[in-house]
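Peer 1: Given the coordinates of chain A, assemble chain B onto it according to the supplied hints.
Chains as they are written, first to last, in this note's numbering: chain A, 1 to 479; chain B, 1 to 479.
If you're looking for bench data, these hints aren't it; they were derived computationally from the structure.
In this text the structure is predicted, and so the values were computed from the model without any measurement.
Do not rely on the hints blindly, as some may be mistaken.
A pair holds if it fits inside one copy or across any two, identical chains being indistinguishable in the list.
Calculated pairs, DSSO-like style, for lysine-lysine (alpha carbon to alpha carbon, straight line, at most 27 Å) [unchecked claim]:
1. 149 to 439
2. 200 to 63
3. 208 to 85
4. 60 to 318
5. 208 to 471
6. 28 to 63
7. 325 to 358
8. 38 to 242
9. 325 to 63
10. 397 to 200
11. 371 to 400
12. 251 to 325
13. 28 to 38
14. 38 to 83
15. 38 to 85
16. 325 to 60
17. 251 to 28
18. 251 to 303
Number of protein chains: 2
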Amino acid sequence: MSTEKKAVTAITDMDADFTQWYTDVCIKAELIDYTSVKGMFIYRPYGYAIWENIQAYLDKRFKETGHANVAMPMLIPESLLQKEKDHVEGFAPECAWVTHGGSEELEERLCVRPTSETVFCDHWSHIVHSWRDLPLLYNQWCSVLRWEKTSRPFLRHREFLWQEGHTLHATEEEAVTETEQMLNIYADLCETVLAMPVVKGLKTDKEKFAGAERTYTIECMMHDKKALQSGTSHFFGNGFAKAFGIAFSDKNNQLTAPFETSWGLSTRILGGIIMTHGDNRGLVLPPRIAPIQVVIVPVAQHKAGVLEACHQLAGQLKAAGLRVKLDDSDQSPGWKFAEYEMKGVPLRLELGPKDLEKNQCVLVRRDSGEKTFVSLEGIEKTAQSLLDDIHNALFAKAQKNLEDNIYTAESLEEAKAIQEQKGGFVKTLWCGELECELKMKEEAGMTSRCLPLEQPHILGVCPICGKPAHKTIYWGVAY
Amino acid sequence: MSTEKKAVTAITDMDADFTQWYTDVCIKAELIDYTSVKGMFIYRPYGYAIWENIQAYLDKRFKETGHANVAMPMLIPESLLQKEKDHVEGFAPECAWVTHGGSEELEERLCVRPTSETVFCDHWSHIVHSWRDLPLLYNQWCSVLRWEKTSRPFLRHREFLWQEGHTLHATEEEAVTETEQMLNIYADLCETVLAMPVVKGLKTDKEKFAGAERTYTIECMMHDKKALQSGTSHFFGNGFAKAFGIAFSDKNNQLTAPFETSWGLSTRILGGIIMTHGDNRGLVLPPRIAPIQVVIVPVAQHKAGVLEACHQLAGQLKAAGLRVKLDDSDQSPGWKFAEYEMKGVPLRLELGPKDLEKNQCVLVRRDSGEKTFVSLEGIEKTAQSLLDDIHNALFAKAQKNLEDNIYTAESLEEAKAIQEQKGGFVKTLWCGELECELKMKEEAGMTSRCLPLEQPHILGVCPICGKPAHKTIYWGVAY
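This is chain A alone, in the form it adopts within the complex (with noise of 0.2 Å):
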C-alpha cells in the first residue's frame, strides 16, 4: 500500500562499513536530518529527546554545584573576538560573518559565536569591581557556529548544540578546583548515564583550547577503537582577565585580576552514544537516557482485553516513573519491533491474549536480546531492574572494549604498528616536546589523546627522540 508507512529497511553491516552503518543509523532510527545548507543538521524529535536528557542531567548537576543559565548575544563584533590574541588565532579562520543588517553593510563585521569567551568577559568587565561580587559561575545552552570544510552527522557540523560554562574566580586555587570540578560532572555524565568508560586527562599545549592555560579532557573509545573527545574544561589562568580589563578590589582593597575557566560538551557526544554501543539492528540506548525507555507491543491488539491491559500497564509503568511508550498503531508486532529495535529502545513489552490469561508478559532486552516471561505483578520493579541491568552490562562491555585496546609500545615503530594492526590507543612515555607530538601524527597517523590524570610516574625514555622521558601519553585516532 502506497499510503504505508515505510518500513525500516536494513541498514550497512558495522564491521564492513563502519562509516555507513554510522550514517545509516542516524538517518534510520530518525535522529537527524541534512538540510540545504552544507554542514547544518536538522535534530529531529526523537534526537532531540536524547539531547533533553542529557541537559535534564547536565543543568541538576550545575545547578547543584551553584551555577546559573543566562543567554549572551549570539553576534560578536570582530574587535573583541580580537581582544586575546591566542583565541583569535584559533578560531578567526572558522567563523560565520554577518556583513549586513537589513538593506544595510554594517559598520564592523559580526561573528556568529563559535564560542562565548569574549562576550563573557566584555560583560564581566562591567560588573565586576570587589570580591563580594564573585565567584561568577553561569552557563549556557546555545548553539555554535564552526565554519568546518568536512561534516558528519553529530560529530562535526558547522552549527551544533552545546552548553559552555564560564566562571571567574578571586584565587587561581579556586578556579582549578573548578575546572577540575566540571571535569568530573561530565565524566559522570558519560559513565553514570551514558555508560560509556572515559579516560581523564590533561591536553598538550597543541592540542588546548585556543587561549587557555590547561585543557583537560574526558576520552572514549568507540566501537572501532577510535578516540572520540567528549567533554573539555578549560583553565585560563587571568590571561582572559587581564586582555578584557576585568579586575576587583580584594579584601584588602588591592585591583587584582580573576582566573576565569570555560568548560563545554556539545551534541557530539550523541555520536558517541551510538558509536558505543550500536550494533547491526541499529541504535542501542543506554536506559537513563532513553526517551523511551520501555515500548509496548500489544499482540493480536483486537482481540478482546488486550488494549484496555496494555493501556492499564502503561499508566502503571509511568506512574512508577519510566518512561513508556504504547504502540496501538495498526502496524503488525513484526514491524514495530523492527522500528523500535533500530531505534534503540532498551526493554520492549509484549502482551496478547495467551500472557493476559497466565498474567504475564514478554520482556525483551535490546542489549542482549534475552526474552523472559515476567508476572504482572510487580513488573514495574522487574522493568525498572531490566533497565538497570543493561546499563551495566553497556558500560561493562565497553569498558571491556576499552581496557582490552589500550597497549603500550616503546617506540615509534612498534606505536605505528599498533595502530595499523590494532588501533586503540597507544600509551608511551613523552618527552613533551610538540616536534615529537609532530612526528607521531606524521609517522603513525595518530594524535595526542592525552596525558592521563592517573600517570604511573615511570622514568625511562622518548620512544620518539630518545630523550628522558617521565610523562606517559595516550595516543589515537580520533573522530
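Peer 2: Just chain B now, kept in the frame of chain A:
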C-alpha cells in the same frame, strides 16, 4: 568602604517618567545588560531564571498536548526564504545576512533566522509522505534575529529568545483547533502563572503575521495603559505547504497539501511582567515564576541560634517545594530589604533573636508591604497560602486596570479624545476596511489591537467611514 557591593540606589518615579522607570528596573534588578552590539542584550542570571520558569510551564503544556522539541539550523539560504512571497516581503527587510564563512565568500548568502517557517517546511517536504506521518507537532526553543532600528530591553531586541511551535495537519479543521489550543495555553500562562489578564482576539489583515491566513493574539494592558501583544498563534491554511511542495497520500490515496500552524511567545513577556506589576520600589514578581519566592533575612545574625534557625527554616520551606534564598551575607538587614524589594521577591521572612524566643517570624508581602507575625509552626503552609494570595491580588489589580481602561467610542473624534486624555483600549465597531484602520492610526495614533474573540454582534456604523459595520475591534497604543 570601596570594596562593598554597591547598594541599590533609587529609581526614577514611574509616574514621572515611565520609560526611564522601566529601564531602571531592568538594570537595577539585574535582569539584563547592554552589550557593545546595538540592540543585543545579555539576559543575566536573575532575568534568565524568570524565563526558565516560563519555559518549564510552557514546555510541560506543549508536551502534554503531544508536541516534541527539535532544533533547526539558525541559517536560512536566501532562496529558501523567498519561496513564500508574503513571508519574505515581511521579513527580508529586517534580516541579518551571513556572507562569509572563514575567509571565503559564500555562493549564496544566508539569513540568520528571523523565524523558521521556511526551514520547517523544507524539512517536512522531505519526510512527509502519508497520512500516517501526520500530524507533526513540533516546537523549538531558540533565539531569532530581527534587525530593527530601535531597541528597548525585553520589548525590542535585535536578538531575542522565544519558542516557535510549528505543526502540520491533514485537515483545516484540525489545524484551526491547534491554533486556538495554543493561544489558550498562552492565555493560561499569562492569567494563571503571570497574573496578567488578557484580551484574546484576531489580528486584522494588516497586523497579521507575514504569510498567515489568520493570526490570533493575546493583548495585555500595561500600567501606563499601553498595549503589549504578548503571544500569537497563526493559521497558515495550506499556502506554505503548496509553496514548499509538501503533500501526503490521504486514506483514499489522494495526494493532498496539509495545513500548517505556527505560534510563538518570546522574552518580551518579561517586559510585560515588569510593566504590569512593578512599582516605585522596583520589580514585583508574580510568585509562580519568581526565581526566589521567599527570601530569608536574619536579623542580628551574630546572635546565638539565629543563623541555625534560618538555615533550618530554609530547608523546611525548600522541602515543601518553595524556591527560597537565605541571605546570610554580611550586608545589613536594611541593605537586604532594599535589594530584594528591587528584585521583586514576593515574600520576605525576617527572623531575629526575639522572634526565636516566641517561635515566630515576620512575613512581609512585596506587593502590599503588609507585615505579619506568624508562628514557625506550619510556616510552609502559611507561606504557600500567602504566595497564592499575592498571585490573586496581583491579578485582581491588573484586571481592574484592564477593565477600567476599556472605553467605547462612536466617532473618530471621540476615539482620539479618549486616547489623548485617558489612554487604554478604545472599543469601536469597524467596517473591516484597511483605509479606516490607517486613518485611525493617522488621526488618533492608535493601531488595531484585535477583533476580540468574544464579539457582542452589534449592528451599527464604522465610526471612521460611516458605512455599516458589525465587527467589534480594540484600538490602542502598543509597545
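Peer 1: Confirm or reject each hint.
Peer 2: Each hint, compared with the structure:
no. : hint       : result
1   : 149 to 439 : within (25 Å within a copy, 55 Å between copies)
2   : 200 to 63  : within (23 Å within a copy, 37 Å between copies)
3   : 208 to 85  : within (15 Å within a copy, 48 Å between copies)
4   : 60 to 318  : both (22 Å within a copy, 16 Å between copies)
5   : 208 to 471 : within (17 Å within a copy, 66 Å between copies)
6   : 28 to 63   : between (35 Å within a copy, 24 Å between copies)
7   : 325 to 358 : within (23 Å within a copy, 54 Å between copies)
8   : 38 to 242  : between (38 Å within a copy, 25 Å between copies)
9   : 325 to 63  : between (30 Å within a copy, 14 Å between copies)
10  : 397 to 200 : within (19 Å within a copy, 57 Å between copies)
11  : 371 to 400 : within (24 Å within a copy, 64 Å between copies)
12  : 251 to 325 : between (57 Å within a copy, 25 Å between copies)
13  : 28 to 38   : within (20 Å within a copy, 44 Å between copies)
14  : 38 to 83   : between (30 Å within a copy, 19 Å between copies)
15  : 38 to 85   : between (30 Å within a copy, 25 Å between copies)
16  : 325 to 60  : both (25 Å within a copy, 17 Å between copies)
17  : 251 to 28  : between (59 Å within a copy, 25 Å between copies)
18  : 251 to 303 : between (77 Å within a copy, 24 Å between copies)
Violation of the numbered hints given earlier is absent; every hint is satisfied by the structure.
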